[in-house]
Amino acid sequence: MLHDIEGTYDNHYTERRPKPDDKLLSFRGDALLMSRTGDDVIVPTVQQANMPDADLTFLFDISGTGYYLAHTEPRLDMPERHTGIDAGQVDASCGDATAFRYEPLGIYRWIRPRDTRFAIEVGAQLAAWYRDNRFCGRCASALQADRVERMLRCPNCGNTVYPRINPGVIVGVQDGERLLLTKYAGRGFTNWALVAGFTEIGETLEQTVAREVLEETGVHVKNIRYFGNQPWPRSSSLLVGYFCELDGSDSVKLDDQELACAEWVHWSEVPHDPDDYSLTRTMMRAFHDRFAASANQVGKR
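The numbering used here puts the last residue of the sequence shown at 440; the count rises by one with no breaks.
Be aware that one or more of the hints could be misleading.
What the hints assert, rightly or not - Simulated DEER-style distance windows between Cβ atoms:
no.	residue 1	residue 2	range
1	GLN186	GLY297	22 to 28 Å
2	ASN272	ALA432	27 to 33 Å
3	GLU339	GLU154	33 to 39 Å
4	ASN295	TYR148	32 to 38 Å
5	GLY168	ASN330	22 to 28 Å
6	LYS361	ARG277	26 to 32 Å
As the list claims (entries may be wrong) - Distance condition first, Cα-Cα at most 25 Å in a straight line; then the derived SDA-like pairs of lysine to any residue:
no.	residue 1	residue 2
7	LYS361	ALA284
8	LYS158	ALA284
9	LYS322	HIS359
10	LYS392	PHE328
11	LYS361	GLN313
12	LYS361	GLU402
13	LYS322	ALA284
Keep in mind that the hints were calculated from the coordinates and are not lab data. Please read all numbers here as calculations on a predicted model, not as lab measurements. Backbone N, C-alpha and C define an ideal beta-carbon position, used for all residues, glycine too.
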């Protein structure tokens, strides 16, 4: 999944000074300063950006390389174009500052290497948090970064603000050899998905599972079992995956505000293409592979 990287991720906050070869994440709206050849992405180093330390905030470390958020744009000789570029225009080594452009982040599902993809997504989450929390929600004073932990503090009233993490669930509803698959309504993502939703105030995660399935599809579930979890930075979420079983009628009553469709799909037709990104695809593949393995064992007898 997204967080399964080769390097070691360390999010311990410190005010450490950047090294020349540490990495810089510079955002312009929903675009990131990068050099791209196909899916291979490189972000500039601190040395290439040539920015004062005061304009940088330490984000995290991956295997000894620090990642820093730029609060102002680096003074590189960059084209002003914000859209994609041809591979032939890019110096893959990033030795030339003109190789860098602000690229839209819609491509990040396919970014390589995986460590860079993870760093960009988590960096974008933290960048949005800093951007959206400049002032105190209690007294409107300017917030200040704490020197000990990842937190913003109001010098006037003492209010503290931590990075927001929204818990949500991904649900695989089973009925024997069938899995309930869905497609979102009104979104650009049109592939098959699973029932999903955010936890409401006062709920356990298991209660969220039962409520979301009932609200979106009209079916009841039982035997709710934990599968796994993953960070999902684009919505500042921690997603928790569960499998459960149909309890009662399999008749679907669709919430067409949330879903375009919901269908019971036999395991042999459940998408199971390799995907190293999402918990949803990991769960769909796990469901398919469990029945496929059983079928293979029967075939060998």
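Review point. Which numbered hints turn out to be false for this structure?
Key: 1, 2, 6, 7 and 13
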